[in-house]
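Colleague: This is what each chain is made of:
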Amino acid sequence: MDDKLTQFGQDVWWLVLAKVLLVFVFLVLMTLFAIWYERRVVARMQVRPGPNRVGPAGLLQSLADGLKLAFKEDIMPKMADKAVFFIAPVISTTCAFTAFAVIPFGPTVSVFGEKTPIQLTDVPVAVLLVLACSSMGIYGIVLGGWASGSTYPLLGGLRSSAQMISYEVAMGLSIVAVFMTAGTMSTSQIVDAQKDTQTLTLGGFDLTVPGWYAFLLIPSFLIYAIAAVGETNRAPFDLPEAESELVGGFHTEYSSLKFALFFLAEYINMVTVSGLATTLFLGGWRAPWPISLWDGANQGWWPLLWFTIKVLLLLFVFVWLRGTLPRLRYDQFMRFGWKVLIPLSLLWILTLAGIRVVQGSDLTVQARLAVVGGPILVALAIWMFWPDKRKAIEDPGVHGVDAAGRIGGTEGFPVPPLNLEVPVSPRAQRVLGERETVSTSKES
Amino acid sequence: MTTDIAAETLKLPSLDYAALAPMLILFGVGCVGVLVEAIAPKKARFPVQLVLAVLGIAASLTAIVLAAGTEKVTAAGAVAVDGPGLFLQGSIAVLGLVALLLISERSLERGGAFVAQAAVTANSEADRDQATRGSGATEVYPLIIFSLGGMMLFAAANDLLTMFVALEVFSLPLYLLCAMARRRRLLSQEAALKYFLLGAFASAFFLFGIALVYGYAGRVDFAGIHAAVLDSPNDIALLYIGLAMVAIGLLFKAALAPFHVWTPDVYQGAPTPVTALMAACTKVAAFGGLLRVLYVAFERSQWDYRPVLGAIAVLTMLVGAVLAVTQTDIKRLLAYSSIANAGYVLVGVLAISKAGLASSLFYLVAYGFSVLAAFGIVTLVRDADGEATHLSRWAGLGRRSPLYATLFTFLLLAFAGIPLTSGFTAKFGVFAAAIEADQTWLVIAGVITSAIIAFPYLRVVVMMWLSEPGESTPAVSLPGALTAAAVTIGAAATLLLGIVPQPLLDMTENAAHFVR
Amino acid sequence: MTTADLLLVALGAVAVGAGVLVVSTRHIVRAGLWLVVNLLAVAGCYLVLAAELVAWVQVLLYVGAVVVLLLFAVMLTRAPIGASDDLDRPRWPGALIGGGAGLGLAALFVSGYRWSRVDLPSPGTATALGEQIFTAWVLPFEVVGVLLLAALIGAIVVSRPDIGSR
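Chains as they are written, first to last, in the numbering used here: chain W, 1 to 444; chain F, 1001 to 1516; chain B, 2001 to 2166.
These are computed hints drawn from the structure, not numbers from a lab. Take these hints with a grain of salt, some might be off.
Cβ-Cβ distance ranges computed for the label pairs, FRET-style [claimed, not checked]:
1) SER255/W <-> GLY2145/B: 41 to 51 Å
2) PRO1041/F <-> VAL365/W: 35 to 45 Å
3) LEU1015/F <-> VAL2118/B: 29 to 39 Å
4) VAL47/W <-> LEU2061/B: 39 to 49 Å
5) THR1121/F <-> GLY2145/B: 32 to 42 Å
When the alpha-carbon atoms are kept at most 27 Å apart in a straight line, the in silico BS3-like pairs for lysine-lysine are as follows [unchecked claim]:
6) LYS1072/F <-> LYS1011/F
7) LYS195/W <-> LYS72/W
8) LYS1042/F <-> LYS339/W
9) LYS78/W <-> LYS68/W
10) LYS339/W <-> LYS1011/F
11) LYS19/W <-> LYS195/W
Residues from chain B that keep clear of chain W, each with C-beta distances beyond 10 Å, as calculated [stated by the list, open to error]:
12) ARG2030
13) GLU2052
14) GLY2064
15) ASP2085
16) GLY2102
17) GLY2112
18) LEU2120
19) ALA2126
20) GLN2132
21) THR2135
22) VAL2138
23) VAL2144
24) ALA2151
Glycine residues also receive a C-beta, built at the ideal position from the N, C-alpha and C atoms.
In isolation and in its complexed conformation, chain W is listed as follows:
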C-alpha cells in the first residue's frame, strides 16, 4: 500500500520550493478572488451590482483593499497581552497554509525533465494532518480573543473554540466513512480510490455511478458539508463574529495587517475545506464524467483546472448559504452539532460497517437484505410506536389557541392570554412548582 507513496519526498530542492510557491500563490490568489467572488455573488443575489470599479468587473477590488489595509495604523490595545496578541493571527495563518500541503492538485507531470506529482507532499495519514492543522488554527482565534483584553473578543473566542471543537468531531466522524471505504488516509490514494465507476445492482437493474464518495457515501458528504461550514465560522454558523451580538467577535480589536492575516486565514480555511471536500468526496483532480471520456483529461496540467473548478463551485455554495440563510442562535447551533450531527455520523458509520461486513460474507442477496433491512425496520417500528410523552393539549375554547397559549401547536407562536392575566414566568413556575399556592390573579 505504501509503495505508491514513495513518489513523494523524492523531489529535488528547487522543485519543492516551486511547489511551496505554487501552493502559496494558489491560496493567496484564491483568497483575493474569493473575496471578489463572494461580494459579486452576494450582490447579484441581492439585486445590486457589487464592486465594479477597480479593474475589469471590479476584479482588483480585493487587491486594492488588501493594500489599503497594510497601510492602516496598527493599533495595540492597552490591555492586550502583547506577545500573544501578536502571535495569534500568525498561528491562524500558518495553520491554514500548512493544511494545504497535502491536498493533491493533479497527477504526476514532468517539469524540466523531473517527474513529480502536483502535490507538495503526501503521508500515510495526510487527512489527519489537515484535521490537526485546522484544530491548531483554533488557537489563533481563541488566543486572539483572549489577548485583546476586552469582552466581545473574549466571548467570540470562547464561542469559536466551543464551536470548532464540536464541529470538528462531526467532521472527523464523517471522514471516517471515507477511510473505511478507501482503506487509506493518504489524500492521493483516496483520489485514486475514486477513479473507477461503481456498478450497483438494485433489484435486477445495473446502475453505473461515478466512484465519487459524494454519491457512494451521501450521508458522510452532507455531514461533512455542514460541519465544514461550522468549522470555518461561516454564515449561517458565523457566531464567533456575529456582528449583531459581538461587534466583530474575536477580531474586534485587530487592525491593519494582523486583521488582514485573520481575514486571509478565514478564506484559506474555506478553500482548504473545499479542497478537502473535492479530494475526499468529489474525485479530487479527476475530470467529471463527460470530460473524462476524453483520454487526455486526466493527464498533464489539465487536472489543475478541474480541481480549481470544483473548489470554486464549493466556494459558491459557501456564498450561497451566506446569502440565503439567517444566523442560528448559539444554543440551537450547539444542540444541532452534538445531538444531531454526531449521533447521525455514528449511526451511519455503524451502518456502513455493517454493510461492509455483509458484503464480505458469503450470504445470499435475500439474507443480506434481511441483515441490513431488519435493524432499520426494527428501529423504524420502535420510533413509530414510541409512546408520545407530550400530554394531550386541552382546548381552551378559543379557536386555534391551545392550553399553553400558543397558536399552531407546541412549536407555534405564543400569544398573550385572552383574559390579559400575567402568567407566571417559567422560571418561577419551576421554583414554586411544589407549593402550588401561587395565584396570579392578583397581578392582573
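Given the coordinates of chain W, work out where chains F and B should sit on it, guided by the hints.
Modeller: Same frame as chain W, now just chains F and B:
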C-alpha cells in the same frame, strides 16, 4: 477495495467468552443501565436500576461459579482465569451485592444516600433544599456496576496494561460516587477531589512503573516479565524502580502506609454505603492485583522486594493502630482500622507461598463482610442532620438500642481478632502462613499492633455500653429491608466464618494456584 | 549521531524546557500555551521515531482539543492578562523534588541503556496500529470504551445542575 484484504488478514484472538462472561455481563449491564437512565420515566428508574443491578451481579456470580476450575489465559494473554482470579471475582460480586443493598436503601433518607445534583453550591439554599427533599441520582447504579466490572478485570488482568485500564475503570466511578453524599456536601466534595487528585498521581506512578518494567523486560505480560526477571541483559535498576512504582500505584489503592493518607478523609466524606463498597470491594480488587503482580510476574525477585514490603506492612499496621487510638469520628476510626487490616493482609501476602495466598484470600473475604456490616450500622445511627458519626454521640447507645450496639460490638471484636469471630480465623491464617515462611518479625509486629488497635475498639464498646445516654445520643433508625439484609448477611458471615471457617478455608486452599 | 538523533535531542530539550515553563510561569494562560509547545515537541519526537499516526493523533487530540478545552475552562472562569500573584508559591521544595526525580530518572535511563543501540521498529502506520489494537489488545481497548462511557456519565452527573431534580 483495500480494506477487504486487511479484514482477511486480521485474526481476532481467541476469546473464551465463558471465562470472560463475569466481566462482560457487568459491563453490558452497566451500558443497559445508562440506557435506562436515558429512556425510563423518572419514577421507574430507581426500581428498574436496582433490579437490573442485582440481576446483573447475580448473573455475573453465576458465570463465575460455572467457570470454577478453569485455568487458562485468554483474550491474547490479557486475562488470566484461574483459582485466585475466580475466587477474587466471586468475592467482589458477593461483597458488591451486599454493598449494593446498602447503597439502595431509601427508607432512612428520602431519596437515598445520594444527592441528585452534585454541582449545587454546598450549603446554599438549593443545597439544603435538595438534601431534605430531592430524589437521589440513579446514575450511581451504572457507575457502581462499571466499577465492579473494573475490579473483576483488575483481579484477573494478566498484563500490566490491562491492569492499568482496569484500575482506571474501577477508580473513576468511585471518585465520582464520593462526591455525591447527601449530607455534609463540602466534606464529600473535598473527599472526592482529594481521592481523584491523589488517585491520578498514583495512576501516574503506576504507568511510569509499567514503562520502566517494559524497558527492562521488553514485555508487559506477566509471563514475559517472569521470564525476563533476572535473565534480561538490561540494567536491573530499571526493574527495581519500575516494580517500586507499580507497587506504589497498587499500595495506594489498597491504602497501605505511607500511601494511606487519603483513606480517612475519603472514608469520612464519601456517602457511607460507598465507603463500605470501597472498604470491602476495592480492597479485595487492589490486593488481588497486588497478589498477581507479586506472585506471577515478580516471583523471582521476591528476595528483593520482601524486606521493603515487609517494612511497609509493619509501618501500615503501626500507623493504622496508633492513629486509630486518637480518632473521634466513627468513620475515621473504621478507616484507620481498615488501614491496619490492609497491613495484616500484606503480612499474609508476603509469605509468598500457597498458604500465604490462601490466607490472604480468606482474610479479604472475612474482613469485607465485617466492614460492610459495620458501615451498615453506621448508616443507621442518625439524627435530623443525617448520620451521627462523632464518637461522643455514640455514648450510651447500648441502652437506646441494644440490638445494634450488640451487633456493632461483635463486629468490633471481630476486627480486634477475638476468637469465635472471622477476624480471629483470618488473622491466625495470615500469621501462620508468615511464620511458616520465616517472616516471624512481621508476625511479632502484627501481634503487638493487634493489641494496640484493640484499645480504640474497646473504647467504643465501653462508650456504648457503660455511658449513660445523653441528650445528644441519637436514636437508631429502623433499618429498611435492604440495610437490614446487608447488616444481617455481614454479621452472620462474620460469625459463621469464626465458628465454621472450614468450607471457605478449603475453597481458598483449592483456589490458591495462579496460572501463568 | 544522525540527524534523527539530533532532532530527537533538540525536541526533547524543547519538551523539557516547555514543561519547566508550564509550572514556573505566573501567567495562567501562558502556562497552557507552554503545555501546547511541550505536547507538540513530544509529537515531534513520535514523528522522528516513525510513529506517524500517534504523532498526528497527539496533535489532533491533545493540542487541538484537550488543551483548547483547558484554556476554554480557564477563560470561562477567569483568565487575567498578566501575571497572577497567587500562582507564585514557594517553589524550592517542589522544584527540588521535581528536578531531583527528573534527574534521577534520567540517570536511571542513562545507566540502563548507556550507548546501547535499539533498532527502530517498523513504522507505526495506521495499519500496524490497527492490527495490534484489534488483535493483541482488543480486550483492554474495548474496556477503555467502557471507561470513557463511565467518565462521560460521571461528568454529567457531577456537573449538570439541571438533571434529576425531581
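Colleague: All hints, please: hold or fail.
Modeller: A quick look at each hint next to the structure:
1. SER255/W <-> GLY2145/B: 41 to 51 Å: 48 Å Cβ-Cβ, so the 41 to 51 Å window holds.
2. PRO1041/F <-> VAL365/W: 35 to 45 Å: Roughly 42 Å apart at Cβ, these two residues keep to the hinted range, so it holds.
3. LEU1015/F <-> VAL2118/B: 29 to 39 Å: This hint holds: roughly 33 Å between Cβ atoms.
4. VAL47/W <-> LEU2061/B: 39 to 49 Å: Between VAL47/W and LEU2061/B, where Cβ atoms are some 47 Å apart, the hint holds.
5. THR1121/F <-> GLY2145/B: 32 to 42 Å: Distance hint for THR1121/F, GLY2145/B holds at roughly 34 Å.
6. LYS1072/F <-> LYS1011/F: 20 Å, holds
7. LYS195/W <-> LYS72/W: 49 Å, violated
8. LYS1042/F <-> LYS339/W: 21 Å, holds
9. LYS78/W <-> LYS68/W: 24 Å, holds
10. LYS339/W <-> LYS1011/F: Given that 27 Å is the threshold and the Cα spacing comes to 35 Å, the pair is violated.
11. LYS19/W <-> LYS195/W: 24 Å, holds
12. ARG2030: Contrary to the label, ARG2030/B does not stay out of reach of chain W, its closest Cβ about 7 Å off (not over 10 Å).
13. GLU2052: 5 Å, violated
14. GLY2064: Per Cβ check, GLY2064/B is inside 10 Å of chain W; nearest 3 Å; violated.
15. ASP2085: It holds; ASP2085/B is separated from chain W by about 17 Å at its closest Cβ, greater than 10 Å.
16. GLY2102: 27 Å, holds
17. GLY2112: Given a closest Cβ separation of 32 Å, the condition holds.
18. LEU2120: About 16 Å separates LEU2120/B from the closest Cβ of chain W, which puts it past 10 Å; holds.
19. ALA2126: 6 Å, violated
20. GLN2132: 16 Å, holds
21. THR2135: 17 Å, holds
22. VAL2138: 16 Å, holds
23. VAL2144: 17 Å, holds
24. ALA2151: 16 Å, holds
Figure legend: structure checked against the earlier numbered hints; hints not met, in rising order: 7, 10, 12, 13, 14 and 19.
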